[in-house]
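Construct the entire structure; sequences and hints are all you get.
Here are the chains, one letter per residue:
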Amino acid sequence: MMQDPGPDDQPLLQVEDLHVTVNAGGARPDAVDGISLTVASGEAVGLVGESGSGKSLTLRAILGLLPPGASVTGGRVLYRGTDLIADPRSLRRLRGTGISMIFQEPMTALSPVARVGAQMIDAARRHHGWSPHDARRQAIRLARQMGIPDAEATLSLYPHELSGGLRQRVMIAAALAGEPALLLCDEPTTALDVTIQDQIIKLLTRLRDELSMSMLYVTHDLAVVAQLCDRVEVMYAGRIIESGPVTATFSRPVHPYTMGLLRATPDVDDVQGDLYAIPGYAPGVADRPTGCPFHPRCPVASPECQSGSFPLLEVGDGRATACAFPERVARLAETEVSS
Amino acid sequence: MAALLELNDVSVTFRSRRGSHEFRAVDRVSLAVSAGEIVGLVGESGSGKSSLARFIVGLNQASAGTAVFDGVELPGRTRPPELRRRIQMVFQDPYSSLDPRMTIGQQLSELLRVRAGVPRAQVSARARELLEQVHLPADLLRARPRRMSGGQRQRAAIAKALSVGPDLLVADEPVSALDVSVQAGIIKLFAELRRSLGLTVLFIAHDLAVVRHLCDRVAVMYMGQIVEQADTAELFRNPSHPYTQGLLAAVPRLASRPVRGTAVAGEPPDLSRLPSGCRFRPRCPIARSLCEQEEPRLEAAGDDAGHTAACHFKRVPVAGEAGTPATGNGNDPSSREVT
Chain L
1 MMQDPGPDDQ PLLQVEDLHV TVNAGGARPD AVDGISLTVA SGEAVGLVGE SGSGKSLTLR
61 AILGLLPPGA SVTGGRVLYR GTDLIADPRS LRRLRGTGIS MIFQEPMTAL SPVARVGAQM
121 IDAARRHHGW SPHDARRQAI RLARQMGIPD AEATLSLYPH ELSGGLRQRV MIAAALAGEP
181 ALLLCDEPTT ALDVTIQDQI IKLLTRLRDE LSMSMLYVTH DLAVVAQLCD RVEVMYAGRI
241 IESGPVTATF SRPVHPYTMG LLRATPDVDD VQGDLYAIPG YAPGVADRPT GCPFHPRCPV
301 ASPECQSGSF PLLEVGDGRA TACAFPERVA RLAETEVSS
Chain B
1 MAALLELNDV SVTFRSRRGS HEFRAVDRVS LAVSAGEIVG LVGESGSGKS SLARFIVGLN
61 QASAGTAVFD GVELPGRTRP PELRRRIQMV FQDPYSSLDP RMTIGQQLSE LLRVRAGVPR
121 AQVSARAREL LEQVHLPADL LRARPRRMSG GQRQRAAIAK ALSVGPDLLV ADEPVSALDV
181 SVQAGIIKLF AELRRSLGLT VLFIAHDLAV VRHLCDRVAV MYMGQIVEQA DTAELFRNPS
241 HPYTQGLLAA VPRLASRPVR GTAVAGEPPD LSRLPSGCRF RPRCPIARSL CEQEEPRLEA
301 AGDDAGHTAA CHFKRVPVAG EAGTPATGNG NDPSSREVT
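Each protein sequence line maps, in turn, to chains L and B.
Be aware that the first sequence starts at 1, since it is given in our numbering, and climbs by one per residue.
Be aware that the second sequence starts at 1, since it is given in our numbering, and climbs by one per residue.
Hints in this document: simulated from the structure, not taken from any laboratory.
Cβ coordinates follow ideal geometry from the N, Cα and C atoms, glycine included.
Warning: the hint list may mix true and false statements.
Below, a sample of chain L positions facing chain B; criterion: calculated Cβ distance under 7 Å [unchecked claim]:
no., residue
1, A223
2, A226
3, T265
4, P266
5, I278
Chain B residues, not near chain L, derived (Cβ > 10 Å throughout) [said to hold, decoys possible]:
no., residue
6, V68
7, V72
8, P100
9, S109
10, E173
11, L197
Quick look at the structure:
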């Protein structure tokens with residue numbers, strides 16, 4: 001596989017101040033409102049948030065797959081130093097072999113009229129110039145690697161003849177056939193049963209190791225991030241509001257929204273402590289509050305939070321928060337633990 | 001206490017799309033739900049939990065078995081309005097029960113007048129009271145569903161179900177489409193309605209953590225049958241069926257803790273091709289030849305009266321030693337600890 005030369009300290013993917021506007025023209029604020037993040041080589045980064053937070057738009061903007069009506073209105077997306085926004089042709093070249101994407105609904109990525117085997121290796125075959133014979137051998141090898149039972153027979157089926165879990169495996173196989181350096185994941189296990197989700201998580205964990213692949217994983221499920229990712233970026237109302245290593249962030253969050261999400265997530269091993277419901281609802285793009293966007297729902301907000309800007313600021317140990325009062329979050333954590 | 005709802009060997013049969021064969025989505029299920037109880041029904045997709053729920057509210061017909069509701073046998077075909085009023089359903093998608101063209105106030109008023117027989121003069125006061133009961137602001141009476149958030153819509157759907165004064169609420173995955181921060185609020189609402197109105201709830205969910213937090217008792221379904229049933233605390237402490245253990249092990253955790261048991265492998269098999277003997281056998285980590293020959297029945301399991309499991313090799317209570325810590329029969333959780 002060819003790899004562009006680059007300095008070792010350069011991140012694989014670098015998103016800088018990305019803005020995405022949906023239905024531009026009105027006075028609506030940006031659905032993605034200045035996102036910056038990096039994915040280092042071999043790293044898995046989780047991008048979490050609730051519906052409307054802008055997490056999926058961010059991911060689609062990176063791959064140039066924004067839905068109609070949405071467009072990038074600012075910022076850069078650097079893949080090994082090349083700006084994918086400024087140079088869409090380089091993006092086309094990279095798709096499948098440099099960067100691949102997997103989706104929640106595999107049928108959006110698979111053609112209903114082509115056999116599974118052909119689709120699985122299509123991108124890779126063109127890239128490597130394999131003969132039909134080599135291509136078939138590669139497809140079978142890949143299918144086995146994905147844990148697809150009865151690989152040879154399955155490859156000659158059509159997607160609709162497969163179960164949801166198998167379809168997901170086929171889509172992952174197709175995405176990985178070109179041995180991409182970066183895999184972008186958009187809620188790939190959300191629609192699956194918990195048993196199949198567990199199998200896919202284990203599969204991705206193994207493949208990530210085997211292929212030394214980087215991942216940017218979008219999900220609403222914090223526990224999935226805990227299983228799969230090294231670092232986490234928490235989005236709210238189009239911005240990243242907390243960023244850091246997964247273990248530290250989930251055990252001692254420094255933004256009240258992250259803390260709220262963690263406390264709202266029911267624990268299957270424990271029922272101690274009441275479930276916490278974050279009051280109110282996440283604002284839509286059109287009615288985002290001024291100041292800190294979380295202030296109307298925040299348990300530690302004060303009048304200062306209602307205006308001004310709240311950028312993501314470093315707090316040490318590779319962590320950052322957009323909360324101007326992280327010490328209040330720490331105090332909140334202590335009081336509720338001791339009470 | 002007499003059961004509010006009692007199912008005896010209920011089966012629900014569907015014909016395959018080509019009409020060539022029949023399969024039992026629900027296969028000889030017996031279940032008793034006491035008044036004021038919240039019973040959870042869990043299992044993978046295709047386990048029959050939704051088919052059973054739809055039978056209870058009268059949307060599916062049983063092909064065999066009987067169902068007794070408050071001492072009255074539920075008729076096979078058309079149900080009298082009074083019975084329909086007393087058993088209400090809440091769906092995963094609140095739009096299933098909301099009319100997008102009417103305001104919430106109009107929808108509630110209509111139900112209150114026509115179905116609940118509330119005198120015209122009291123309708124608007126009662127509608128406001130219903131919104132208060134589900135913690136929605138009164139000004140939403142004038143709102144159409146479109147303008148509301150997902151959580152608000154689900155609360156409105158619950159208000160509609162409550163408007164006719166039901167005894168039993170059958171909730172089919174009512175929180176699984178909601179954001180985490182909002183989900184906790186709806187879970188608490190069900191607990192609150194049980195307390196304040198003495199409502200009985202059959203809560204269908206795939207999320208075991210949610211069930212653990214809300215339900216008094218849990219029934220686990222697999223391929224149309226209940227394979228394990230127990231009080232919630234007992235079920236999570238002493239899961240006795242390998243399927244229940246496997247489901248629990250498959251749940252992604254926020255913190256890295258040792259997880260008991262092996263996650264369920266493979267995919268749910270086709271209902272039209274039932275394996276011989278125990279239907280979980282092809283995916284079971286402890287299956288032996290007996291499991292191929294004989295279908296296991298629900299029998300006493302675990303440490304608790306009322307705990308049953310359908311497995312030849314389930315963990316069983318030690319005879320004559322009820323209440324004392326069990327040893328030596330596989331009941332010791334530490335012997336199964338897998339990290």
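Going back to the hint list, which numbers does this structure go against?
Structure breaks no hint.
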